[in-house]
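**Q** Here is how the chains run, residue by residue.
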Amino acid sequence: MELNSDLHDDPNIPNDEPLYRAIHPNNLPGGNISSSTFISRSDPHTSVDRSSLCTPQQTLQRFPHYAGVAELLTRTVREWTPGVASAPEPENPAHALILRDLSLSNAKWKEVARKLAKACKWIILPSIPSPPT
Amino acid sequence: MTTISWNQPEKILTNFVYKVADRISGTISSINSGSQRRERDFEVHSAGAITKTTTTEEVDLDDNDWITKTLPRLEKIAHLPENWDGLGSQGTDSSIVQSIIFMLSQLQNSFDVDIIVPYVCPIAGGGIQLEWTLGNKHVELEFIDKDTIAFLTEEMLDSEEKMRSGEISLRNMNEIRTILNWLMTS
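Just so you know, the protein sequences line up as chains Z and G, in that order.
So for the first sequence, our numbering puts the first residue at 1; every next one is plus one.
So for the second sequence, our numbering puts the first residue at 134; every next one is plus one.
Don't take every hint at face value.
Stated by the list, open to error - For lysine to aspartate or glutamate, the following EDC-like pairs were computed, each having C-alpha atoms within a straight-line distance of at most 20 Å:
no.	chain 1	residue 1	chain 2	residue 2
1	Z	121	Z	43
2	G	279	G	198
3	Z	118	G	291
4	Z	118	Z	17
5	Z	121	G	294
6	Z	108	G	288
7	Z	108	G	294
8	Z	115	G	293
9	G	270	G	294
10	Z	108	G	280
11	G	270	G	291
12	Z	118	G	293
13	G	270	G	208
14	Z	115	G	300
15	G	279	Z	43
16	G	295	Z	16
17	G	270	Z	101
18	Z	108	G	308
19	Z	108	G	293
20	Z	118	G	245
21	Z	118	G	288
22	G	279	G	294
23	G	295	Z	111
24	Z	115	Z	6
25	Z	108	G	278
26	Z	115	G	288
27	Z	115	G	294
28	Z	108	Z	16
29	Z	115	G	291
30	G	279	G	308
31	Z	115	Z	91
32	Z	108	G	300
33	Z	115	Z	101
Simulated from the structure, these hints should not be mistaken for laboratory data.
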């Protein structure tokens, strides 16, 4: 398993803590969350917010043009990835990262991203209709 | 001047390509079905580039096939601005758009059945993914760079998901056709 040296799973984040992820309306095929939510060409890791440190409303407030907020259990994320790293920012102390094993190929990461997308549960439902498929 | 280039221009000089190039560049604001007279403003160079010129010709346009129906969404994603995701993403990589145009042009008239229209998703950092879901089957084609596609196929069998993934060259159209034929086969 290969990670950035300064990033590691944070054992202080309990398995049963939900993680919030704002969902962009461009990533909602047929109203479902796309694996593309968890894929980036520029940053291998995925930003989420720790539910113990913020509300889903606060997550959405930082992305007002996003469709809604979904949650993933930390336990689920750890099942398929190297874990969740705390990454607090001055304006967002709840910020954390879903870590990607950098040795995984893009294709193998697609499988993980698909599983993560399917495991998401809506906390704030989209109010903006997604584009037609 | 608008230039669109790819690897095998001689194989894809079809009305379709002109139509796509028009739409992506914003030259033609609307496309009507049937044969119509309009300006063709691209010409092909030996190096594989299509460059704007101005000529007029008869073209046959089919608004009813799945490829044509994919274009409006592709056009929208192609023009995403920088920071569209609020997380600093760059705009869509134009070479990725060109690769998708190339793939679609190679796939036209390739199937005996109607392919459903894919959903075009942007990938943060300038990428694009095409997604199809039909019944218990799901296909994703993610354009990693201008020559490489990461694919995912998924089939739900008795509540168990069977996934397959890999990377294929954009030149391997047979593999792409095989994946889409698998999707459309019950």
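**Q** Please go over all the hints and tell whether each is borne out by the structure.
**A** Cross-check of the supplied hints:
1. 121(Z) - 43(Z): With a Cα-Cα distance of about 24 Å, the restraint between residue 121(Z) and residue 43(Z) is violated, given a limit of 20 Å.
2. 279(G) - 198(G): Measuring from Cα to Cα gives roughly 24 Å; hence the hint is violated.
3. 118(Z) - 291(G): Answer holds: residue 118(Z) to residue 291(G) is near 16 Å, not above 20 Å.
4. 118(Z) - 17(Z): 18 Å, holds
5. 121(Z) - 294(G): 18 Å, holds
6. 108(Z) - 288(G): 16 Å, holds
7. 108(Z) - 294(G): 15 Å, holds
8. 115(Z) - 293(G): Holds, at about 12 Å.
9. 270(G) - 294(G): 10 Å, holds
10. 108(Z) - 280(G): Satisfied, since the Cα-Cα distance of roughly 18 Å is no more than 20 Å.
11. 270(G) - 291(G): Status holds; Cα separation ~13 Å.
12. 118(Z) - 293(G): Distance ~13 Å between residue 118(Z) and residue 293(G) Cα, so the pair holds.
13. 270(G) - 208(G): Judged against 20 Å, a Cα distance of about 26 Å means the pair is violated.
14. 115(Z) - 300(G): At roughly 19 Å apart (the allowed maximum being 20 Å), residue 300(G) and residue 115(Z) satisfy the hint.
15. 279(G) - 43(Z): Holds: residue 279(G) and residue 43(Z) sit about 19 Å apart, inside 20 Å.
16. 295(G) - 16(Z): Violated, at about 27 Å.
17. 270(G) - 101(Z): Roughly 27 Å between the alpha carbons, so the hint for residue 270(G) and residue 101(Z) is violated.
18. 108(Z) - 308(G): 18 Å, holds
19. 108(Z) - 293(G): Holds - the C-alpha atoms of residue 293(G) and residue 108(Z) are around 18 Å apart, at most 20 Å.
20. 118(Z) - 245(G): Distance ~32 Å between residue 118(Z) and residue 245(G) Cα, so the pair is violated.
21. 118(Z) - 288(G): OK: residue 118(Z) and residue 288(G) at ~13 Å, within 20 Å.
22. 279(G) - 294(G): 30 Å, violated
23. 295(G) - 111(Z): Within the cut-off at roughly 10 Å; holds.
24. 115(Z) - 6(Z): 26 Å, violated
25. 108(Z) - 278(G): Distance of about 16 Å is within 20 Å: holds.
26. 115(Z) - 288(G): Within the cut-off at roughly 13 Å; holds.
27. 115(Z) - 294(G): Holds. Residue 115(Z) to residue 294(G) sits at ~10 Å (cutoff 20 Å).
28. 108(Z) - 16(Z): Not OK: residue 108(Z) and residue 16(Z) at ~26 Å, beyond 20 Å, violated.
29. 115(Z) - 291(G): At roughly 17 Å apart (the allowed maximum being 20 Å), residue 291(G) and residue 115(Z) satisfy the hint.
30. 279(G) - 308(G): 17 Å, holds
31. 115(Z) - 91(Z): Roughly 30 Å separates the two Cα atoms, so the pair is violated.
32. 108(Z) - 300(G): Holds: residue 108(Z) and residue 300(G) sit about 9 Å apart, inside 20 Å.
33. 115(Z) - 101(Z): 15 Å, holds
Hints 1, 2, 13, 16, 17, 20, 22, 24, 28 and 31 from the earlier list are contradicted by this structure; the remaining hints agree with it.
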